[in-house]
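A.B. asks: Read off the chains here:
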Amino acid sequence: MLTIKNLHAGLEEEDKKILKGVDLEVKAGEVHAIMGPNGSGKSTLSYVLAGRDGYDVTEGSVEMNGSELLDLEPEERAAAGLFLAFQYPVEIPGVGNMTFLRTALNAQRKARGEEELNAADFLRMLREKAKALDISQEMLKRPVNVGFSGGEKKRNEILQMAVLEPKMCILDETDSGLDVDAMKLVAQGVNALRGKDRAFLVITHYQRLLDHIVPDVVHIMAEGRIIKTGGPELALEVEHNGYADILKSVA
Amino acid sequence: MAVPALKLDGAQTLLAAAPEPSGEASWARSVRQAAARRLAERGAPVRRDEYWRYTDPQSLTCQPPVAAAPFENDEAPLFGGADRLKLVFVDGVFSRELSDPVELEGIEIQPLSEALSTDIHWARELFGVLEARGQTPVDRPMAALNTARATEGFAIRVHGRPGKPVNFVYLHEDALSDAMVHNIVRVEAGADFTLLENGPAAARFNKVLEVDVADDGAFHHVRAQGRDHERRAVTGTFARLGARSTFKSFTLTVNGRLTRNECVVEFTGDDGIAHVAGACVGEGDFRHDDTVFVTHDAVNCESRQVFKKVLRSGAMGIFQGKILVKPDAQKTDGYQISQGLLLDDDSQFLAKPELEIYADDVACSHGSTCGAVDETLLFYLRSRGVSRGEAEELLVLAFLDEAIAEIEDPALADDIRARLAAWLARRRR
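Protein chains in written order, with numbering that gives the first Met the number 0: chain R, 0 to 250; chain S, 0 to 428.
Hints are supplied without guarantee of correctness; some may be wrong.
The following label-pair restraints were derived from C-beta to C-beta distances [said to hold, decoys possible]:
{"#": "1", "chain 1": "S", "residue 1": "Glu102", "chain 2": "R", "residue 2": "Ala119", "range": "40 to 50 angstroms"}
{"#": "2", "chain 1": "S", "residue 1": "Ser364", "chain 2": "R", "residue 2": "Gly194", "range": "31 to 41 angstroms"}
{"#": "3", "chain 1": "R", "residue 1": "Ala118", "chain 2": "S", "residue 2": "Leu97", "range": "33 to 43 angstroms"}
{"#": "4", "chain 1": "S", "residue 1": "Asp343", "chain 2": "R", "residue 2": "Asp180", "range": "28 to 38 angstroms"}
{"#": "5", "chain 1": "R", "residue 1": "Pro92", "chain 2": "S", "residue 2": "Asp343", "range": "17 to 27 angstroms"}
{"#": "6", "chain 1": "S", "residue 1": "Asp359", "chain 2": "R", "residue 2": "Ala119", "range": "35 to 45 angstroms"}
{"#": "7", "chain 1": "R", "residue 1": "Pro92", "chain 2": "S", "residue 2": "Ala358", "range": "29 to 39 angstroms"}
It should be emphasised that the hints constitute simulated quantities derived from the structure, not laboratory data. Idealized CB from N, CA, C, for every residue including glycine.
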């Protein structure tokens, strides 16, 4: 599904390397978690994959389902099946949540040569998916994320994921700012989307999200590289001992 | 200070260029003569005038006008879906053939020339009266010219709630037309009226609207100035508000070489509400100027000015907005926001917000911003599969929506939104 090879990247404006040779392979049907201390490059990796401006890729490649991801515009990556659930979902005053979702879905369908969904079918589908995430009609009518609580914003991200049905989902610290109940709701939403044709890359600081979204593989990232890879037990090790031991052991 | 000869000569040229109306009642004649005197004494507008510093009036005053080709398009007319009394002007001249019969239950309506030829008390108390009041403290010479010379337009008196709005449709056919229209509307106590206006009108258009809203009356105004690229327009809206009355005016402007919209509002009764809003989208050789003056001379009135301009490829947007709160206008709630969205480095937005407050128990706020499309928002939309062009359109529409949301009737607001979206999408293709 996603193959990252020797990825080096940094901020355009600063002469500072953030990613220093990331190698990662995520197969269809798998859930991978990336953990790591602050400043290890986790969020940068998610932004570089989604195509945000301001990052300079100096070396390496990223292949998604056979196409070179880094050559594509952000909207082309989305149409190819990539989705990033943002750590800080932005508020868009004046753009209705429903309008936004429908525009996005139809833009992707159009880009893939599929027929656009009519208003009635879209509404039916949206209502069903919103209900599962406990997102009210009122939230659908409001401008995107405006006046939403932290938890509502994250649920709204998962709703977008459910509507757009991407192949490769990246969740950037989706658990940050969530209380236990909200985290369960988000995890349920993610688990409902798990399937043999879809893969997840879950970026998180804490093990607790991984109690709810159980990963197949856990990676530890530090100083811009994956330094250790293992099973779910690796996350527990971090939870108990912190990162220091692992950093020391690979140093 | 002596008025410069350039301004005085300019006024004579303007007055000489349009024929003096004849055959009207003596009261109307004296109103016209007084207006001509106002213009002759204070002079034509020139770039050196404080309120014309950002908009050169030369192309509004030059003789003859600069030619402007009518813009051919196959769009369905705006407000076509609304149940309305449609009154059509072609190059500023009323056309009975193209219009609905001039009658509507709940209003008295007649062509201005008829109203000025008889002795109608309410018209006497309105025609040229609000325009004259609006000349202090800032000169509005083009409006004075209009009162002195315009013969086209309608006089409307509203009782109760007419079942539908009146829609003035201004068609433009002649590339050299130089039109003047003057409408007066008296909304009687407790009455509620909606006026729609749309169309490019003429190569050069000088329009005045005087609106007198009596106690507990409501006046709603939705206007879309036509899309002709080369047209020029100067408009003056003068409103006087009685106690507990409402005045809401929204203007959409897309294209046009030069547009100067002046709006002068005066609260004379307590507890009134006035919202003046504008949304404009222009590119290239486009200059759009909103000049607003709201005077609070009564207690507990609320005024809002909301102006949004989207500019690209060298377009220029101007906002001059003033709130004047007189000493007795306690509990005034005044608000003013003007914002420019610049889609490239070539465009400009100039704002001159002014507050002048003589009462001590008031809340007045104003803000003005100017900036580019937010890249963070753009990326968020694109990361969901929306193309850059479409994402920018969504953000442009969102930016303008605060002004459009000032339209009280949701169907009319949606009509404006849909039209704007279609225009933007058409541009992208």
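A.B. asks: Would you mind marking each hint as holding or not holding in the structure?
C.D. replies: Results for each hint:
| no. | hint | in the structure |
| --- | --- | --- |
| 1 | Glu102(S) <-> Ala119(R): 40 to 50 angstroms | holds, 42 angstroms |
| 2 | Ser364(S) <-> Gly194(R): 31 to 41 angstroms | violated, 53 angstroms |
| 3 | Ala118(R) <-> Leu97(S): 33 to 43 angstroms | holds, 35 angstroms |
| 4 | Asp343(S) <-> Asp180(R): 28 to 38 angstroms | violated, 47 angstroms |
| 5 | Pro92(R) <-> Asp343(S): 17 to 27 angstroms | holds, 22 angstroms |
| 6 | Asp359(S) <-> Ala119(R): 35 to 45 angstroms | violated, 57 angstroms |
| 7 | Pro92(R) <-> Ala358(S): 29 to 39 angstroms | holds, 33 angstroms |
Hint compliance for this structure: hints 2, 4 and 6 are not met, and every other hint is.
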